Structures are given as structure tokens and as C-alpha cells.
Amino acid sequence: MPIKNEREAKLVFPTKKVQTLIGSKIKVEMKGSERHVLEGTLNSVDDYLNLHLLETVEIVDGERARSLGSVILRGNNIILISPVE
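According to our numbering, the sequence shown is numbered sequentially starting from 189.
Because the hints were derived from the structure by calculation, they are not lab data. Zero decoy hints are in this set.
Computed list of lysine to aspartate or glutamate pairs in EDC-like fashion (alpha-carbon distance at most 20 Å, straight line): (1) Lys205 <-> Asp235; (2) Lys205 <-> Glu273; (3) Lys215 <-> Asp234; (4) Lys215 <-> Glu227; (5) Lys215 <-> Glu273; (6) Lys213 <-> Glu251; (7) Lys204 <-> Asp234; (8) Lys215 <-> Asp249; (9) Lys205 <-> Glu217.
Computed beta-carbon distance windows for the label pairs: (10) Lys205 <-> Leu242: 18 to 28 Å; (11) Phe201 <-> Arg254: 30 to 40 Å; (12) Glu273 <-> Leu242: 14 to 24 Å; (13) Gln207 <-> Glu273: 17 to 27 Å.
Treat the numbers as computed from the prediction; the structure is a model and nothing was measured. Note that the Cβ used here is the ideal one computed from N, Cα and C, for glycine as well.
Please work from the sequences and hints to get the whole structure.
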């Protein structure tokens, strides 16, 4: 697919940006009736932004609620992905 203009050449697609976080700790906010936040190490991501996290923990009201281990998150349920510092 050829690049149509200079602006398009500068675009960074979400999957490419998220792939740079593989191996890093990330925070993921999920859709739902209440704020659902997970933290874990990003193991892999696909073109649909489905994520595989390792050593995942659920965060409730800013506090660690429970350990979930290895989880797969469906991309269309993700609101926000950010690195954990």
C-alpha cells in the first residue's frame, strides 16, 4: 500500500506503539460498569490489540485486589493502555 502524503507517512499506528511496550509493565483500563484496571507485563499483542499479560494483578480503588497470573484481554474491551513507571 503506497503512502499517499507526508502526513500519512508520519502516522504511528496503535499496534506499533503498543508493540514497543512488550516486556514492560503496563496498566490497562477495561470497559465495564465500574472502572476495571489491570496491571501486568505485556507478553504479546496482535493486530486487533488483543493483549497477553503475565503476572497480572487487578487494581481496585488504587489498591492491589487480587493476583490473576496470565490473562488474555480482548482488544475491543480496552479503553486505555499505559506504561507503569
